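> Full structure from sequences and hints, please.
Number of protein chains: 4
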Amino acid sequence: MTIPITPTQPTGHEQAVEAARGVAAVLAKDALERDRANAEPEAEAQLLRDAGLPGLLLPADVGGGGLGWATALRVVREIAVADGSIAQLLGYHYVNVANLWWVAGDGGLARWGRASAAGQWLWGDAVNPVDPDLDLLPDGTGYRLSGRKSFATGVSTGDASVVAGAVRGTGEPLLVVVPRGAEGLRPGGDWDNLGQRLSASGSVTFTDVTIAPDQVLGSLAPDGATPRSSLVTPAIQAVFGNFYLGIAQGALATAREYTRTISRPWLLSDSRSATADPYVLATYGRLVAATRAVQALADEVGEHLDRADAAGAGLTWEARGELAEHIAALKAVATDVALDVTGTVFEVTGARATSNAVGLDRFWRNVRTHTLHDPVAYKRREVGDHFLNGTHPPFTLYT
Amino acid sequence: MTIPITPTQPTGHEQAVEAARGVAAVLAKDALERDRANAEPEAEAQLLRDAGLPGLLLPADVGGGGLGWATALRVVREIAVADGSIAQLLGYHYVNVANLWWVAGDGGLARWGRASAAGQWLWGDAVNPVDPDLDLLPDGTGYRLSGRKSFATGVSTGDASVVAGAVRGTGEPLLVVVPRGAEGLRPGGDWDNLGQRLSASGSVTFTDVTIAPDQVLGSLAPDGATPRSSLVTPAIQAVFGNFYLGIAQGALATAREYTRTISRPWLLSDSRSATADPYVLATYGRLVAATRAVQALADEVGEHLDRADAAGAGLTWEARGELAEHIAALKAVATDVALDVTGTVFEVTGARATSNAVGLDRFWRNVRTHTLHDPVAYKRREVGDHFLNGTHPPFTLYT
Amino acid sequence: MTIPITPTQPTGHEQAVEAARGVAAVLAKDALERDRANAEPEAEAQLLRDAGLPGLLLPADVGGGGLGWATALRVVREIAVADGSIAQLLGYHYVNVANLWWVAGDGGLARWGRASAAGQWLWGDAVNPVDPDLDLLPDGTGYRLSGRKSFATGVSTGDASVVAGAVRGTGEPLLVVVPRGAEGLRPGGDWDNLGQRLSASGSVTFTDVTIAPDQVLGSLAPDGATPRSSLVTPAIQAVFGNFYLGIAQGALATAREYTRTISRPWLLSDSRSATADPYVLATYGRLVAATRAVQALADEVGEHLDRADAAGAGLTWEARGELAEHIAALKAVATDVALDVTGTVFEVTGARATSNAVGLDRFWRNVRTHTLHDPVAYKRREVGDHFLNGTHPPFTLYT
Amino acid sequence: MTIPITPTQPTGHEQAVEAARGVAAVLAKDALERDRANAEPEAEAQLLRDAGLPGLLLPADVGGGGLGWATALRVVREIAVADGSIAQLLGYHYVNVANLWWVAGDGGLARWGRASAAGQWLWGDAVNPVDPDLDLLPDGTGYRLSGRKSFATGVSTGDASVVAGAVRGTGEPLLVVVPRGAEGLRPGGDWDNLGQRLSASGSVTFTDVTIAPDQVLGSLAPDGATPRSSLVTPAIQAVFGNFYLGIAQGALATAREYTRTISRPWLLSDSRSATADPYVLATYGRLVAATRAVQALADEVGEHLDRADAAGAGLTWEARGELAEHIAALKAVATDVALDVTGTVFEVTGARATSNAVGLDRFWRNVRTHTLHDPVAYKRREVGDHFLNGTHPPFTLYT
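Keeping their order, the protein sequence lines are chains A, B, C and D. Going by the working numbering, the first sequence opens with residue 45, and the numbers climb by one from there. Going by the working numbering, the second sequence opens with residue 45, and the numbers climb by one from there. Going by the working numbering, the third sequence opens with residue 45, and the numbers climb by one from there. Going by the working numbering, the fourth sequence opens with residue 45, and the numbers climb by one from there.
Hints are not guaranteed to be accurate.
Now the in silico label distances, taken between C-beta atoms and shown as ranges [as the list claims (entries may be wrong)]:
no.: 1; chain 1: C; residue 1: P266; chain 2: A; residue 2: K73; range: 43 to 51 Å
no.: 2; chain 1: B; residue 1: A401; chain 2: D; residue 2: V61; range: 51 to 59 Å
no.: 3; chain 1: D; residue 1: A81; chain 2: C; residue 2: V61; range: 52 to 60 Å
no.: 4; chain 1: A; residue 1: K73; chain 2: B; residue 2: P173; range: 32 to 40 Å
no.: 5; chain 1: B; residue 1: A72; chain 2: A; residue 2: A87; range: 36 to 44 Å
no.: 6; chain 1: B; residue 1: A72; chain 2: A; residue 2: S317; range: 41 to 49 Å
no.: 7; chain 1: B; residue 1: A401; chain 2: A; residue 2: E347; range: 35 to 43 Å
no.: 8; chain 1: C; residue 1: A256; chain 2: D; residue 2: S315; range: 38 to 46 Å
no.: 9; chain 1: C; residue 1: A256; chain 2: D; residue 2: E84; range: 54 to 62 Å
no.: 10; chain 1: A; residue 1: E347; chain 2: C; residue 2: A83; range: 41 to 49 Å
Hints are computed from structural coordinates only; laboratory data are not their basis. From a predicted model like this one, the values you see are computed outputs, not experimental measurements. A virtual CB, placed ideally from N, CA and C, is assigned to each residue, including glycine.
As structure tokens, this is what we get:
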């Protein structure tokens, strides 16, 4: 039996990028209003599904798009131009769905791939290692999952989630699947932060959630990790770099529209329009040049992750380490540039663009919020340690 | 007859600074909630009056505090540590009240000084030259004032305002007084911007407001300007520099409290507490060092403005020009440092400080909004032109 | 008749990069001593010839390597890691030799290509438009060339040079070829600048130098320019971006060797070695991440220039303009990053690395000197104007 | 008996500043040539003596100028505008001479003060704790001093030096006086570094130098230190901040002269002169504004050090700590600004200013070299630790 590809499932890179741009155009229309409303991104998630974006990384033989990470990351970036939150939701999803095969191998794909592709499932996660571990109480052949995670992107909106817990007694860290609406699963709906407001990143509580044996994807224990099973960290960091970049590009595009149509030349300027002011021009130029460099690096990283993913079980620790450092560099420089761009665009639009009716601050809020996910100083240290000492950090959910 | 000094009127520098700190302590308690509510700052204005802060620049012989600009600016800075908006309201007031004697001389003080001191009046203004001129229609010995200003700080909350209009026919620019509640005066209540949300900076409409002859303070015509009558620009720019500085200091103090009491050490850090993390410490150090330099310059500027004010009618254009450049330098460097500090403090508190319950973004929002008042690139150009070519820019409301 | 390829002529990308690395390894050995000596780079030029690098852009059918700009730029970058001056010499050469066909078409190649390939000629130039024009006095069917250029890279060392002059009377700007040793050609030997000291960039004087008709490559008149004939500017700017990048990479590699082998941990550091110091690591990381982004952009630019070159006479102004902006962005961001890297590396090596025996400053000197070739502020303005207004600047030797 | 004040001994602040400016004017004439020659600064030292600058900190009752640190630091800054090396020489001298009374109390002054004032002695030092300790071998009632210091500012040129050694056996650290020309004292003459080339900072070797009991100033043991005896560190760091500032001011003044008289407007600029270019003006403005802030902080620090010095034996550890943090902030921000200014001035002068005949790089070389004395990251950490945790670091020769 072959799974019929849904009519909207993009199966080529350009087609996927076009689909993403279509979604972005819709999201852009009321991005500010939705940001204010801070509601669950249900409609936004449906837009993603309707465009066939959630399925694009899944192999064609389970009905997915069969596309690679270069495409997935580019799609995340395109969405971020319009809406950083939804880009985060989708980007995390790609990492979560890839964990089906990275952690669980072909079995994971066999068990969850077809339904996921057919339904264009969005996958959330609750794996944040900063909180105490969730408890997996052995129960028959499975477990009962209990505990709370303070931040859990996409669990509330996703069709299923990957969740990290520790087996009571042994402490073994396992990654398990929890479908939407599972009994005992209760999202907190309490994400009210400065930025990334629609990323469905609030807390989630698990109370005796039943985990059947086929819901167990595998172990996250560092000593059992393989280069492939630990791709989660470079992949999620690559997602970050891409949506920071997309947000910066969105800020520049939004500012450009404002400068062109609304900004007035400064009283003391010799220029007859804001679009001819020497300082406005040079500031745009500085920001655009820096953004283009990040864009080139992000494109390079996408191809690198593609190659690493394609290596499958043959991926070496050395190759995984080089990939991680490439991506860490992207994360570090994307952070610097996106903060600079989103904070500075006000200087090329002028004072009236601080009106809340304009909402030009949402780009900065999104970048400022998410770039704190893990401290950029430690990401710089990691890049520096690799350059200076040739080290690859041990696998953690941050390295 | 001597005007009795109200019991709370500070008459010494230290006393005034203490009073300001007392007000700041009250304002700090609910600064975030008030920022969200975006209401008219009526209660806040009353706090200022109760502390005797509005009267401190007025001469003792009309019942004021008889204090100078070094004190007034320092008071603005102290208020800004807690609440940038209210610091703006008070800082603009000081410039507006000084215009009574800078523009109108002893007559201005005679007509408005005693009531102002006795009532601890707050003065607003509608002088922004970016909008079209307000119209002063000659009417008997006075005028009828009509028109609209998009931004007018303190008019809605102030007890009186200084307003710039152009006489119909001759075009002569006049500065006139409009008391609160004057018939035909209608504040728009429409200031809903990113920052400085309680600064009462919305639009105001004037419809046939009667201006009696004694409400005319004098001409703002550049060719009639004297060094003293044109102190309005350096003074207001000095106010800006001081409240940017105070906001930066407030951001650092707020972040410090958070880091000390809530922040956790990073997972990959060797430090057992966030307060010992090498990157947290060095980042605080970099920001504090830069802020201290601005603080020293602001103190220097306060004394310089004091000397210029004390020179009275003897102030030369040369001396006024040197003052203006000193202050322009403060404005430029305070802008750079305050943006850096308020944007970076998140990196020393960590991701959880992006919760809207914390509201750490209000410092950045305040600085980002107001530093666009006039483009910092042009202020840098002014400083550079003076350094390189020895120029002093002609008097405008921005130079 | 086919021209035999010299044994050392690289004809593949990887082979050329390897050859460049071989030359760089030799140049690195005494880069500092040669920098100090400030001699004519005769031996260095010969190294380039021996490795077959000058011929690689020439078509295979005249005996060249038949390689493209992506390779040429990468070769320039590799040389710059060791020696920025020689990278400049070679990079300028590539643009000069390409002018044979960009400006003169197949005829230029026919007249000069075979000798150039066979002899691995290095081409210099005297085209700097900042100086007054050189004078081309009509003389029979040719001209006599006279005048002086203050800066003329590679004329003294090159086997031939392209020289811009204006025809007396008509003022028409022509590009002509002057072979080494031509009578009346006198290099000044007067380049004694802060950086790029071996780039043979001193003045040159022409006194009645005979220009035969076949030495005339064509007109540089803006109104006669075609997209292809005006590729000189984007190409030279791409060369700049690549050697700035290579110099930054060289600074990082040199610093790394020093930190690893000589630097000691700071007295007040908890780390037992400089290579474990948290600030040293994070600083390396910040610089490396920024450099990688520039590197990715430079690689992208190389491929873009390849495509534009391959389009030949079919290149449109629109395509030429997009290329120019891509390259302008590289130039701008490479400038910023290379200055930052080369100035900051001292902070990861420590005070003893300021010894002149170490010479770590040569990287900064090279970047600081050449990045002033044309002001980066105007390059930023150009990028900004394109982004904001969609403009492509008119062709000049700087845009 | 009163010591006659030498005719040139300044005894007032303004007089001293004037004297310093006079010396600076002489030094400026051939600063570049002297920098190149890298000779011992004998003539320069004599200029300082002739102007009465070395004696100004010594009390009037031993024949000194009786002036304070605010004056001494300002004099250092004025000299640095012309010549950073000589400013370093003089600044270190002030700290060394103050050690006579800070470490040895009235006895130190009694023994060395009169000769020092009468002869306008310059004091060098060899106290750098990075090298292994010098050996003080007990010998009768005194010692024999042996060993080597890699860096020892002013020992070769000074009339006497303070030298730190450790008593053999007990390890007690002592500060002793070694007069110029003492038998067994051999300066290495080996300071050939990037910057501060005339600061006489080379190595020095001691071979059985006789130290009589009255040459012992006292103990440097941390547990015996008093707030006063440990002022050496804040004082030397204040000296650093002042000469970094002076060098930045010198760079700006030198660039200004160049821009005004030599720079040409950029080809693509609308301005008819470089002095009207919008980017040139704004860049000067940015640098000047930042420099003025450092200047204000340096003035504040001078007064603070004056107060601490005046407190004498009554100085508390708390007051010493607050002083140290004030000065650490100056050191940190002066480093940042001086590096920025001295590296950026080339952008306001243009490419021709990279000629070695201009020598505009000497300012950057001086700042880049000396700011590595102790890593600025650790100075930032110290400032941050004080701000965040209220700590005062234990006394070391760096804190």
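> Now, for every hint given, state plainly whether the structure supports it.
A quick look at each hint next to the structure:
1. C:P266 / A:K73: 43 to 51 Å: holds, 44 Å
2. B:A401 / D:V61: 51 to 59 Å: holds, 54 Å
3. D:A81 / C:V61: 52 to 60 Å: Since the Cβ atoms of A81 (chain D) and V61 (chain C) sit about 44 Å apart, the hinted range of 52 to 60 Å is violated.
4. A:K73 / B:P173: 32 to 40 Å: Between K73 (chain A) and P173 (chain B), where Cβ atoms are some 36 Å apart, the hint holds.
5. B:A72 / A:A87: 36 to 44 Å: Holds: the Cβ-Cβ distance is about 40 Å, inside 36 to 44 Å.
6. B:A72 / A:S317: 41 to 49 Å: About 43 Å separates the Cβ atoms of A72 (chain B) and S317 (chain A), which means 41 to 49 Å holds.
7. B:A401 / A:E347: 35 to 43 Å: Holds: the Cβ-Cβ distance is about 42 Å, inside 35 to 43 Å.
8. C:A256 / D:S315: 38 to 46 Å: Distance hint for A256 (chain C), S315 (chain D) holds at roughly 42 Å.
9. C:A256 / D:E84: 54 to 62 Å: holds, 60 Å
10. A:E347 / C:A83: 41 to 49 Å: holds, 44 Å
Consistency note: the structure conflicts with earlier hint 3 alone.
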